[in-house]
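S.K.: Let's have the full structure, built from the sequences with the hints guiding it.
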Amino acid sequence: MMSDRRSSQDDDCSSLLSRLGSDSPRPRMKYGGMFCSVEGAFENKTLNFESFSPQTQRRRAARTRSDGNDGGAAGGRGEGQTMVFSSGHARENFGKREGDRLIIKGGKVVNDDQSFYADVYVEDGIIKQIGENLIVPSGVKTVDAYGQLVIPGGVDANTSLLAPQKGMNPTDDFYNGTRAALSGGTTTIIDHVLVEPGTSLLTAFDQWKETAEQRACCDFSLHLDITRWHDGLYEELESLIKDKGVNSFLFFMAYKDKYQSSDSQLYEAFGILRDLGAIAQVHAENGDIIDEEQKKLLCLGITGPEGHVLSHPEEVETEAVYRAITIAKQANCPLYVTKVMSKSAADVIAKARKKGIVVYGEPITASLATDGSHYWSKDWATAAAFVMSPPLNPDPSTPQYLISLLACGDLQVTSSAQASFSTAQKAVGKDDFTLIPEGTNGIEERMSVVWDRAVSTGKMDENEFVAVTSTNAAKLFNIYPRKGRIAVGSDADIVVWNPKETRTVSAETHNLTVEVNIFEGLEFRGVATVVICGGRVVFEDGKLNANEGTGRFVARKSFPDTVYKRIRARSKMAEARGVPRGNYDGPVHDVIGMTNSVPPTPTTRGPSCPKSLIAPRNLHRSGFTLSGAQVDDHIPRRSTQRIVAPPGGKSNITSLS
Amino acid sequence: MSGYQGKKNIPRITSDRLLIKGGKIVNDDQSFCADIYMEDGVIKQIGENLIVPGGVKTIDAHGRMLLPGGLDVHTRFQMPDRGMTSADDFYQGTKAALAGGTTMIIDHVIPEPGVSLISAFEQWREWADSKSCCDYSLHVDITEWHKGIQEEMEALVKDHGVNSFLVYLAYKDVFQLTDAQVYEVFSVIRDLGAIAQVHAENGDIVAEEQRRILEQGISGPEGHVLSRPEEVEAEAVNRSVTVANQTNCPLYITKVMSKSAADVIAQARKKGTVVYGEPITASLGTDGSHYWSKNWAKAAAYVTSPPLSPDPTTPDYLNSLLSCGDLQVTGSAHCPFNTAQRAVGKDDFSLIPEGVNGTEERMSIIWDKCVVTGKMDENQFVAVTSTNAAKIFNLYPRKGRIAVGSDADLVLWDPDITKIISAKSHNSTVEYNIFEGTEVRGGPLVVISQGKIVLEEGTLHTTEGSGRFMARKPFPDYVYKRIKARSRLAELRGVPRGLYDGPVCEVSVTPKTLTPSTSAKTSPAKQPNQPVRNLHQSGFSLSGAQADDNIPRRNTQRIVAPPGGRANITSLG
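Just so you know, the sequences run in chain order A and B.
So the working numbering is basically just the index in the first sequence, starting at one, shifted up by 307.
So the working numbering is basically just the index in the second sequence, starting at one, shifted up by 66.
None of these hints come from the bench; they were simulated from the model.
We treat Cβ as the ideally placed atom computed from N, Cα and C, and that holds for glycine.
One or more hints might be untrue.
Said to hold, decoys possible - One-sided excerpt, in silico: chain B residues whose CB lies under 8 Å from chain A: (1) ARG148; (2) PRO295; (3) GLU297; (4) ASN314; (5) ASP329; (6) SER386; (7) LEU387; (8) CYS390; (9) LYS412; (10) GLY560.
What the hints assert, rightly or not - Pairs of lysine-lysine residues, derived as BS3-like cross-links and limited to a Cα-Cα distance of at most 27 Å, are as follows: (11) A/LYS658 <-> B/LYS336; (12) B/LYS325 <-> A/LYS658; (13) B/LYS336 <-> A/LYS662; (14) A/LYS662 <-> B/LYS213; (15) A/LYS879 <-> A/LYS662.
M.R.: The following block contains the structure:
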C-alpha cells in the first residue's frame, strides 16, 4: 500500500510546478491504508501549505533528500481544503524552524469533530503524518502518550501582556506570559494592542509586534484596540487588514472620556469593519453609568476593591452587550463580545444568537472558575488581585452557568484576559479603587479550568473541549486549520493531555511573576503533561524549556469563512427599497421661525474627535456611510417653496380615499 | 375629601346636580349596580334609593356600564415642532378626547433647548387654560441638561404640581441626552419623588440609519420606519431600564410600539424593576404596513416615533401584554399634523413632522381589541384606560375611580354600539385618520366631565376653557413605596480594612498617557469643563469627586510607618 503511494508521489515531483495551487481531485484512499483507524478522516481536512509557499522548492528538495516518508502530506494535497496564506508574510519565519522530529505515540488524537487513536509525526514544525505504524526516520524523539489525549494546543484569544494601564506595564510580559501559557497547554495567544488615543494604529502595531517577536515563546497574533474612532483611521485599518494580518478590532464601551466610543462611532466603525472583512470586538460595559456610580461610591467613602464591583453592576455589562448587539445587527457586522462575566450578559448573547445575529461570546478563565465574593476579602491585596473589568460576578453560581452555556454552544470561545499587575502596582489604588490597575491572571490555568469544570463534570466531551479551547477561536480569527486542529499540514502545536492527573494552583508554583493567583488553592483535574510548540517539546516532566523569541507572528486574513459566509449573504439580502410614488403636489405648509426652533447644537454624544463639523468628503470611504448627508440635514430646506406646476403635470395622489 | 391638592385651581362651577339611575358601576376592582348622585362636579352619593333634592336632572342608564372617565396620559396638543404646530390645539384635542370617552388628558410640555422649563410650563398652562374643555395635567420634557434645569425641576415639583419628566434617548443633537446625563436626571427625579419617562430610541443609530437610507435614495415615509428598526427601540428601552435600576428611579416608557420593546419591559418587571409601559392607540390598533402605501399623504400620516411596527401581529401581541398586566397604561400620543404640514418632508422623510391621532379612538379601540375578544374584562379595561394612570401619576382616587368624593368624570359605556372610524366624522382637524375604515364595537353613550354632560345622543356640548389644571403631588404611593424601601436597603458598605502598608508602585509616565481630555460626551457649549460645585445639588452625586480623579494622586508616596503601627494585612494567606 505504501509503495503505491510512494510511486505516485514521485510522479508528482516531476510535474510539481505545473500543478501549483491546483485543486485536482484525487480518488480517496481505500479503507485499510495508513489511515486505518478512521477511513478517510484526514485527507479532506488536510491543508497543503506547500503548493502556496514560496519556499516550496527548497523545502521539497530538502525533504526528498532526507526521507521520503511524508506520504501523508502528499496524499492530502489533492483534496485538501485550500487555505491560502498571504504571500509569504505569514510564513516568513518559517524556514528557521529546524530540526525537531517527533513522533507522538499511543495517544488518542482529539479534534473538535472526532477522536481516534493514532500516532502523530512532526517535522519542521509541521504535522507530517498521522496514522498507525508510521514509517519514520530513525533517531526520532518519541513522546509517549499512552493512555492520554493528544489535543491541538490551546488558542488564547485574549491576553494583554504589554498593554500599559495607568502608566504601568503588566508584570508578566510576553516572555513570562507565554511561558505560563505553554506550561498550561496554550500554544498560541492573541494579544490586544492598546492604541492610546492620538497614536497611530500602525505604530502601535509595529511596536507590539517587534516586542513580541523578541520576547514571545509561542506563536502570537494581535487584536487592535481602537480607543478613539475617527474617519482618518480608515486607511490605517485597510492597511492593517490587507497587509499586516490583523482581522479583529476591539472597541471600548467603557472607560468614559478615555477610551469610550459613542454609539454613532461604533455604528460607523462596524460598517467599515464589515466592508473590510474584519471582526468587531467590544469591551461591553456602559461607561457613563460606571462613571456616575464610581463618583457616588467614592462619595460614600467606599474606597476599597469592593467599590469596583459595586460600581460595575451586572446590568451595566448586560446593557452594553445588548446595545453592541443592536448596533452590530444594524450594521450587519460580526460581533465578538470579550470577557463575558455575568449570567445575564451571557443570556443576552444566547438570545441574540437564537434570533440569528452573528455574535460570539468569550467567557474567561476567571469567570469560569471563580466568583466576585473575594472583593470583600479583608486582605486588601487579595481583594485587589481580583479587580478587572467587567468584574467577577458576586453571584457564586455564575461560573457553573457560564460553563453550561459554553457547553451548549451559546458561548464559543474561552480565553484568559490575562493582564497581571503586582500587588505594589495594584496598591496605587489603595485609597481609591478606581486607580487599581485592572486585570487578573488565567493564561496558565485556562485549559485545566475548562477541563475540570466542564469535561470532568460531564457537561461537555473532549471534542467540545477542543472546540472551545482552540478550534472555535482559530476558525473565528481565520487561523484554522493551521491552528486548532491536529491534521497533516497543520502547525505542530500539540498538547498531550492527562485527564486523570490533578494539580493545585498556587502563586508559589505558577509560572507568572505576579504574587497573587486568583485561583489560589483550587484543585483542577486535567493537566498538560507534554506541550509541543512549533514542533519542539517545550514542556515535559513539569519542566519548561521555552526559548525567548521563538514565537512567530501569525497573520490572519480578512473575511474568515466561519463568520463571513452569513454576513455576505445578508448583505445581499438587506437592500432596502423605496416606494415609487408620483410627485406630491398638494399644498405644503409654510414654515416660519424654523431656524429659531432648532439651533444646530454641536454633536453631544461623540467625543470631540479630530473631525471638523463639516467633514470633507473622503473619497476613499466606502459608499456606505455619511457622505452626502450634511450636519444641517434636520433643518428643512426650501421650506417655503411650493410646487405649483410640477414637471410632468399634476397627478392626483393626495386625495384621501 | 376636600383636601385634594389642586382644588384652589377650580374655577367657579355653576351648581350642576345630576343623578344617574340604574347603572352598573365599573371600577378596576369590581362592578356593582348602584345609582350615583353628583353635585358641583364631585360624586356625592353612591347607592340605592338615594335621597336627592328635587328637580335634579336624571339619566337612566338602563343597566349599562358606568366607567370612570378615561385618562389619556400622553397627548401633544398644539405642540410646536420645527416651526409648525400640531394640528389639534387644546380645544380641538380635548373635544376629540371627550367625544371618545376620555375626560382627562396629560399633555407634554416640550421646552426648546435654551428655554427655561418654568417659562415653557407657564406657556402651556396659558394655552391649555384658555382652550381645554376637560381637566388636564402636564408632563415636562427635559431636552437638555445642566444645573439650572435641576433647580427648575425642583420648583416644578414643589410649586407647580408636576411629578413626571420625560427624557429623550432619540433626536440626536436636538433633544437627546447622554447616558450620563440620563443617570443624573434620574437621580434628581428619584430624590424629588417624580417619575422618569423615556422616549426610548437609540438616537445615534437612528441618525446614522437616516443618513444611509437617504443616501440610498429612499426619501418617502417608508424611510422613516426603515431608519428606526424595532431593535433600536428595544435597545433604548433596555438601556433606560438599566439606568433606572442603577439609580433606583421609577421608570415609565412612553409609546411602546413593538413586540421586542414590550418584551424588555415585561422581563424587567419580572426581575423587579419599577417600570411601566405605555402602548398607544396607534400601536394597539394598527400596524406599520401603511408606510409603504402608494399614497404619499396616507403613508405620511402614520409617521410617528418610534414608528408603528411593520409586523402585523404587533397590535395583537401588545393587547395581550396589556391584558396580562405586563403593560399598564394606555395613551394616545395624539399629535397629528395635517397633510400640508407633513408635506414639508415630501422630499426627505426625516423632515416629516411626527405624530398620529388617537385620543378619540383610544377607549373604543381597546374595548374592541381586548374586551370584545375576551382578553380582558371590563374591570381591567378601566384599569388600563384610567385607574393605573391615575395611580402612577398620583391623581387617584380623584380620577380613575367612581367613589364618593371623586370627580364626576364618568362615561356611560355602550358595549354594543358599533362605529366605523373615519376622518369625515372624527373631531380632530386633520384630513387623515390612521384608523380610517376600522369598525369598532363599544363606545360612549354619555360622557360627563366635571359633573356636566358633555356628550349626549351623539352631540358634544363642550365649553372652551372649562378644563382645570390638575396639580400632581410627588411621591405617588403606588410607585414610591417600593422605591423608598429599596433606597433604605440599598446602602452600600465598604469593607473595613487596616491600612495597606505594602510597597506601592511608582508611576512614572502617568501624565503623558492620561491627558485629561475635555469631557467628550457633554456638550461643550452648555457646560464649563471644570464643573463648579453646586451646593444646591443633592448630596448624592458628584460632590467630592473631582474632574481629575482618574489621575493618581500622591502616587510616589509610601506609607512607611502608618499611624497606629503596622498591621500585617498584606500577607498572602
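S.K.: Determine for every hint whether it applies to the structure shown.
M.R.: Against the structure, the hints:
1. ARG148: holds (6 Å)
2. PRO295: With a minimum Cβ separation of about 7 Å from chain A (threshold 8 Å), the hint on B/PRO295 holds.
3. GLU297: holds (5 Å)
4. ASN314: Because about 11 Å separates B/ASN314 from the closest Cβ in chain A, which is outside the 8 Å limit, the hint is violated.
5. ASP329: Cβ of B/ASP329 sits 10 Å from chain A, so the hint is violated.
6. SER386: Violated. Min distance 20 Å.
7. LEU387: violated (18 Å)
8. CYS390: Where the cut-off is 8 Å and the nearest Cβ of chain A is about 21 Å from B/CYS390, the hint is violated.
9. LYS412: holds (4 Å)
10. GLY560: holds (4 Å)
11. A/LYS658 <-> B/LYS336: Since the Cα atoms of A/LYS658 and B/LYS336 sit roughly 17 Å apart, the hinted pair holds (cutoff 27 Å).
12. B/LYS325 <-> A/LYS658: holds (15 Å)
13. B/LYS336 <-> A/LYS662: holds (22 Å)
14. A/LYS662 <-> B/LYS213: violated (43 Å)
15. A/LYS879 <-> A/LYS662: holds (19 Å)
When each numbered hint is compared with the structure, violations occur for hints 4, 5, 6, 7, 8 and 14.
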